[in-house]
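Here the protein sequences come in this chain order: A and B. Letter 419 of the first sequence, counting from 1, is numbered 419 in the numbering used here, and no numbers are missing. Letter 158 of the second sequence, counting from 1, is numbered 158 in the numbering used here, and no numbers are missing.
Calculated from the structure, these hints are not laboratory results. Glycine included, each C-beta is placed from N, C-alpha and C at the ideal position. Errors might be hidden in some of the hints.
In the SDA-like style, the derived pairs of lysine to any residue whose C-alpha atoms are separated by at most 25 Å in a straight line are [what the hints assert, rightly or not]:
1. B:288 / A:422
2. B:422 / A:127
3. A:203 / B:285
4. A:147 / B:391
5. A:147 / B:11
6. B:422 / A:245
7. B:391 / B:285
8. B:391 / A:146
9. A:509 / A:393
10. B:426 / B:348
11. B:102 / B:149
12. A:146 / B:149
13. B:391 / A:141
14. B:391 / A:509
15. B:391 / A:320
Some residues of chain A that are not near chain B, with every Cβ distance over 12 Å (derived) [claimed, not checked]:
16. 96
17. 109
18. 117
19. 181
20. 422
21. 439
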Amino acid sequence: MSTEYVIKKEMKKHLLIALLITILAGSTIIAFGIAVNNFKYPLLSTLIFFPLLGSLFIFFISSQREELIKVTTLVVAIVEFILSLPLYLSFDKYSSKMQFIEKYLWIPQWGIYYSLGVDGISILFILLSGLLTILCVLVSWNEINKKIKEFYICLLLTHSAMIGVFMSLDIFLFYIFWEAMLIPMYLIIGVWGGPRRIYSAIKFFLYTFIGSLLMLIGIIILYLHTGTSDLMRLTQFSYPYKMQIWLFLAFLSAFAVKVPMWPVHTWLPDAHTEAPTAGSVILAGILIKMGAYGLLRFNIPMFPEATLALKPFMLILSVIAIIYGALICLVQTDLKRLIAYSSVSHMGFVTLGIFALNHQGIQGGILQMINHGIITGALFLCIGIVYQRSHTREIAKYGGVASVMPIYSALFMVFLLASIGLPGTNGFIGEFLILLGAFKAWKLMSILGATALIIGAAYMLWLYERVFFKKTTPYINEHIRGYGDLNSREIVTLLPLLLAVFWIGFYPKEILSFLDLSVRDLLNHFNSMIGVAK
Amino acid sequence: MNIPQVPLNFHALIPEICLTAFASLILLLSLIRINKFLLIWSSVLFLSFLFPLIIIYEGKALGEFFLNDFSAIYLKIIIILGTILSLLLLSSYLRSRLIILKDSIALLLFASLGMMLLVSSRELISFFVSLELMSLSLYALVAIRKYDIRANEAAIKYFMLGGISTAIMLFGIALLYGATNSTEFLAIFQNLSRNPELFLTGLGLFIVGLCFKVALVPFHMWAPDVYEGAPTPVTAFISTLPKVAVLGAFGRILIEIFPNYHAQWSSFLIVLAVLTILLGNILALPQKNIKRMLAYSSIAHGGYVVLGLIVGTETGFNAVMTYMLVYALMNIGAFGMVIAFNEEEIEYYKGLNKFHPVLSFAMLIFMFSLTGVPPTAGFIVKFNIFLQAIKAGYTWLVIIAVLFTVVSAYYYLRVVMYMYMKDPIKVPESFRHRELHIVIALCAIGVLILGVLPFFYII
């Protein structure tokens, strides 16, 4: 008993120190960040390299000192998030230009620059990524119990690479981050995942890798054609029509796998299901958004004619993904797998909105990406929380959880309703905008997409009934009752996402105002390029 | 034949002369007892002393026979770097098996001397002699463990097939001489059109001979057996540096002397490159022995390199050289890990991460680099080769290469998967040597740094 007590006390001490450091560092950084708005410091590089330094630091901590490792990671994640707040606070919403630009010559032999910058679209993902990484650390606290050090290093590395993807303004740099992220993610799924983790990890890697390599060929062709790898300059060229189609397909092969679009989605249910909770949250929250982000950043502005030509094709694929994903959800027997397939369906909405190619559609698509990150992230967190108690994801084994874990059930309900798209939650805003945009573009597709919402409600509510209502099964009695409801760490984990659900649900203007000008600019550019071609 | 007056100018040869003297000295020293530690580190010191010498003595020697220009310097730096790393690997391996060191160090040095001369030679006979100096030292190196039956078998195989390839190449050289009446590269270049049929036959045989040395499919048959049978550090050496030297020399000859026949030799090499990439990667898939797997992987890498040669320009060749630098680092590093774990079956790599977290992390870096995933250097150089190939219009070739890169990801990642994701089936009896760890650390850090800061070495 005494050792336990000592450990607990030591842990409290660690936590206290960590909290203090965080608050101190945070407030200075915020003050600094706001003050510094006029004289620029490399904020974006700091964001990329800080977690790298953090993971390097953790690398040198002895792997026996588990508490210290966890606390360090938490501090790094929190400081990282606070560091990213100046982005939000001093971002100029009334400019559609790239901001916080950094540009250094990196490989002079090829004329490749290390250049970073954010606009209204990417800034949201960076912030979301920061938030989700903190939550991932929290949720992994007790769940991950082997190779703890490696896990947290991987988590931080993934974070760095992910935000690097959203920041890079050089196509080569973009590719480096895009691929570099595969390594830690492969390990997270493969080492700490469920029973079929190895199969899923390899599948994830190979699917993504083949898509990325085809994109690499596209990048090389683009680079050789224009002689530059600068994203902003690449969008200014107008490419021959045939070349546009090929390049569009090359880039699509990478992005479609990541989104994932039907029919290359099959890695996702496996990866989501087998990954540890943190891995699922990152996958659902940020990683699959990189695909849609890539479509927005590369395919639409660079290959406008091809986009226009392939628009019906893309819309049809999106609607197939929406309906197919939703139907598959109905027959799932595994909690996580169900949410994974619902991701396929929801990401179908995202691509539907993006390829509607109008203001509402694209704005809705981006908003829906953020929403999906929040909602699905939260759902995976919820499933992780209950899985830790019951050690099963079989829906059939559950029942009557509501009577055992009332707070948990209420929170789950909120996220579930948000996922369905109930008005008042963020899911509604996104889906509404998308359907509006799609209706303008192609009425039939919008109608088909809207019907899938009904299937969505069906599988989600049915899931809720099976898991939370009915009679408490003996299995649940045996495994969950002893643990009781959510503890404070778990509530802290879910709370920010809960707030975000309602915040965006009631006041989407804040987020949309970031997007507004960037999307408008994107569409103006797109239309003018089409005009030039005609 | 009139013998031309050759101006004797030994300046550019000074590094090679020094190396010859030092290697002979080591052979002599085998007569007396000497501290092994001293021997190894003085060799390393001497080799690193060669870096500045090579760079300083740029220029020609013996008339046109010997040229130490930028490409040669770059290649020689790779060769010496690789020799230092292999030397350290070899010494730690042999010391743990109580085998006499001195001869093997001398052989290693003679082999690298041969390679250095090879990349500089501008004349067919000296080209051939330096190639043989390299090859003969390598045959003996493979058999350095006298009582190891597998190693002896490998040595015999290597020797026989090496002999055949030498004969073919010599025949090619003879035909080239017959067609152009000269062995000097410059003179050959000037007299190309005299007798095209004879000349093309000679060129074909010459290329076939070289392909044997580089182990391009279908001339690769010897490689897996030899790589598997040879002592691991020797495998690290022979699967890396002879490729650097031979492909380096090969590329220079093809690009500088036979540019007019680019269409002919490149179509021949395209067939070989496709076959090599295809078979190398596919045959690596089912391998259970890691040395054999790495052997097939190194065959496949030969195919990627040839893509750069097919381009047939100076920039294409530069891409080849940078590829060689990184390839040397990652391949020697990977073989270093095989020595460190002292285990050849991939099965036994299961769960290694539990026992050796840092070493398995290094292996992870090598495996990802061999696959070509950023931020490792393997990606940068592969990108460079693909860039040059697409620039020259071989997009379809690159698509094939890319698809088989995905295949290669499967077998490289299998090693990572075994190390990190499976439970151990036996506790590895690793043996720890300072030299070994230095090599692995150097290679791993090198691969990472060259991957993140490519402006150092990209030409």
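We went through each hint and held it up to the structure:
1. B:288 / A:422: Violated. Residue 288 of chain B to residue 422 of chain A sits at ~55 Å, over the 25 Å cutoff.
2. B:422 / A:127: violated (36 Å)
3. A:203 / B:285: Roughly 16 Å separates the two Cα atoms, so the pair holds.
4. A:147 / B:391: violated (45 Å)
5. A:147 / B:11: Violated, because 57 Å separates the two Cα atoms, which is more than 25 Å.
6. B:422 / A:245: Violated, at about 44 Å.
7. B:391 / B:285: violated (31 Å)
8. B:391 / A:146: Cα-Cα ~48 Å, so violated.
9. A:509 / A:393: violated (37 Å)
10. B:426 / B:348: Holds, because 7 Å separates the two Cα atoms, which is no more than 25 Å.
11. B:102 / B:149: Answer holds: residue 102 of chain B to residue 149 of chain B is near 22 Å, not above 25 Å.
12. A:146 / B:149: Violated, at roughly 43 Å.
13. B:391 / A:141: Roughly 50 Å between the alpha carbons, so the hint for residue 391 of chain B and residue 141 of chain A is violated.
14. B:391 / A:509: violated (48 Å)
15. B:391 / A:320: With Cα atoms ~38 Å apart, residue 391 of chain B and residue 320 of chain A exceed 25 Å; violated.
16. 96: holds (30 Å)
17. 109: violated (5 Å)
18. 117: The claim holds: residue 117 of chain A sits with its nearest Cβ about 20 Å from chain B, beyond 12 Å.
19. 181: Per Cβ check, residue 181 of chain A is inside 12 Å of chain B; nearest 10 Å; violated.
20. 422: Residue 422 of chain A is indeed farther than 12 Å from all Cβ atoms of chain B, at 40 Å.
21. 439: Correct as stated: the minimum Cβ-Cβ distance to chain B is 40 Å, above 12 Å.
Against the hints set out earlier in the document, violations occur for numbers 1, 2, 4, 5, 6, 7, 8, 9, 12, 13, 14, 15, 17, 19.
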